[in-house]
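Asks: Residues per chain, in single letters:
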Amino acid sequence: MATRMKLKLKTVFVLYFMVSLLGLVYALMQLGQRCDCTEHDLPKDRTISRLRGELHRLQEQMRKSEATKQPQKHAVKPSPPTIFVITPTYSRLVQKAELTRMSQTFLHVPQLHWIVVEDSPHKTPLVSDLLVKSGLAYTHLHMPTAKDRKLQEGDPSWLKPRGVEQRNEGLRWLREDRRAQPGGESQQGVVYFADDDNTYSLQIFEEMRSTQRVSVWPVGLVGGMKYERPVVEGGKVVRFHTGWRPSRPFPMDMAGFAVSLKVVLANPEACFDGEAPMGFLESSFLQGLVTMDELEPKADNCSKVLVWHTRTEKPKMKKMGEDNEKAGRGKEPVLVHFPVREDEDDQVLIRDKKRGREEEGEEERRMKREQEEGMKVVKRTTMKNYRKVRENRQK
Amino acid sequence: MPKRRDILAIVLIVLPWTLLITVWHQSAIAPLLAIRKDDGVEGKREAGGQAQDSKEYCASDKDIVEVVRTEYVYMRPPPWSDVLPTIHIITPTYSRPVQKAELTRLANTFLHVPNLHWILVEDSQRRTPLVTRLLRETGLNYTHLNVETPRNYKLRGDTRDPRIPRGTMQRNLALRWLRETFNANSSQAGIVYFADDDNTYSLELFEEMRSTRKVSVWPVAFVGGLRYESPKVNAAGKVYGWKTVFDPHRPFAIDMAGFAINLRLILFKPQAYFKLRGVKGGYQESSLLRELVTLNDLEPKAANCTKILVWHTRTEKPVLVNEGKKGFTDPNVEI
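Sequences listed follow chains A and B, in order. No gaps in the numbering here: position 133 of the first sequence is 133 in UniProt numbering, and each next residue is one more. No gaps in the numbering here: position 182 of the second sequence is 182 in UniProt numbering, and each next residue is one more.
Please keep in mind that the hints were generated in silico from the structure rather than gathered at the bench.
Covered stretches of chain A, going by a simulated chain B footprint (3 or more residues, C-beta under 8 Å): (1) 15–24; (2) 84–98; (3) 102–108; (4) 197–208; (5) 235–249; (6) 307–315.
This structure is a prediction, so every number in the text was calculated from the model and none was measured. Yeah, the Cβ is synthetic: ideal placement off N, Cα and C, and Gly gets one too.
The shape of chain A in the complex, shown without the other chains (with noise of 0.2 Å):
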């Protein structure tokens, strides 16, 4: 009995002694593959204990470069006023790579704070994750649409206004988050709408800084024309340049003017009107703020573009690819030749006649006066809206 019983423990140690070992190995060629690269692992190690010590010695050379530089500064200078982007962001597929390049633009501006309002129901890990990596100093908040003011599919941009209930909810934040900052230094600030598709540069956010209640700017490449801006004289606005409804209260884009918080957080009820006709957004949040004369003109008394309306085209996708990309899947759909040409989307799109070097004669013609035709079409029937539209509201 007692040999048996040896015996079987003895299969069972040894068993147990076989499996461990197996795991062990196991174990070992899993993490084989790091050793596959040690020899490259001591090499790489190396390079970034180099690296960063060449990082923490070109960081030390800043720090001390700031420090000869700062006793004058702080002397002078109090924390210049921060300046609050409002950004309406909706889910689409760029919107990763607009917000992207977006925030790399933000990181050259000191003192800014980027206030992130999705279309959403609820806030996307994308965007979360992404103002987590930015290294700015931002607030993440988010405000669904109502579904019966939201833009259908081919629906044309100009159908419907967008991001109004999302600026609307960054102020109302801002306007919050402010009140329960006591102080008269909370009130220093300058407050800019700033939609995820425009293209922003560094001076326009210097030039912003200074405004004591609402400062205009020209912006490139917008209401049908290379920029619209107000007109300057004496120091002071007196008309707007602007081709389309130059009768408008503020007839200028969303990115042409900035407002003080001191004058946000004056005018607790001031924000943008979803009912208002096209083009009319940004007078119905000006209206009550400022007048014409107590408008500020900036970038070189409005000579300057530094801020461009430009929107990026809507990836194609082929047509069963772009079902599936609805359902989060990524089928390979059937090949289709895919033109090597730029293609037209819903909108109306008149090449630039400066750019008659590109292709084919006739055709093009053709196309461009198609497309002139449907632009003068679109044109009667926006008028003709607005004309309804000026009429209910007079009833």
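Mind docking chain B on chain A? Use the hints.
Replies: For chain B alone, kept in the frame of chain A given last:
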């Protein structure tokens, strides 16, 4: 005697397990520690990584990138380092209304990248003052070149001689400039990247490509009619194919923004250029890469080609209806 045997048996059982646990523990904890030191959030995302090696490499990479980005805020451009290989970015550009906007936001991105050399090649007869001024004001390290693509190549309906793909002559000029400026024997480490002026680049991308030995590749979003195109990478970390719908059998089914080349390779093969004519749509990148490298030599980046670090965005052509025939706005104002 049986007591000693028992003890021996127990030791033999326990020893491998303790070994296993200590080694496993060490390897699992170290990269996590490195990640958590910098940013707790990153650790959460990277914890799902496959190969331990890439995890650690990514962690240290993130280390450096994170620090660079937040420390060098407001300091532009970052001070030149003697250690980092220079990234030579070749950007062809041409005059159109959105040109200044595109170059401005591109410059805003590049101002974050240390040791960057921007080679901007205009498609024009002369260097335009717009670009000259822009480059000077950014403070970047740049080289401004120009070459005009001849217009007579665009004959209507001439399929035998289709037009030269846009930017080819400009990129070739930049390659030639690099070959003339840098000696093949010099020890200056460099990476060459072709960046179009309307794409979007994350800052991580530049740190990924800095370690290129020959040619490195990664996925690009919004190309080929897909959400993204990417190289196919096998378990050994080698590229064996292309995950695309549009002609995946091209020798290099990749977009211009999806690869970077080590400068040494460019100098070593001075005859390698983009083919000017007779190039089918989508084969331009292959026309250069097949002279430089084989599929086997490609280095996959961006976590074995699973992360998107560059987006092939395109900017809409602005509607300038209201300019009319004579031009409504003052032509002296630069946009």
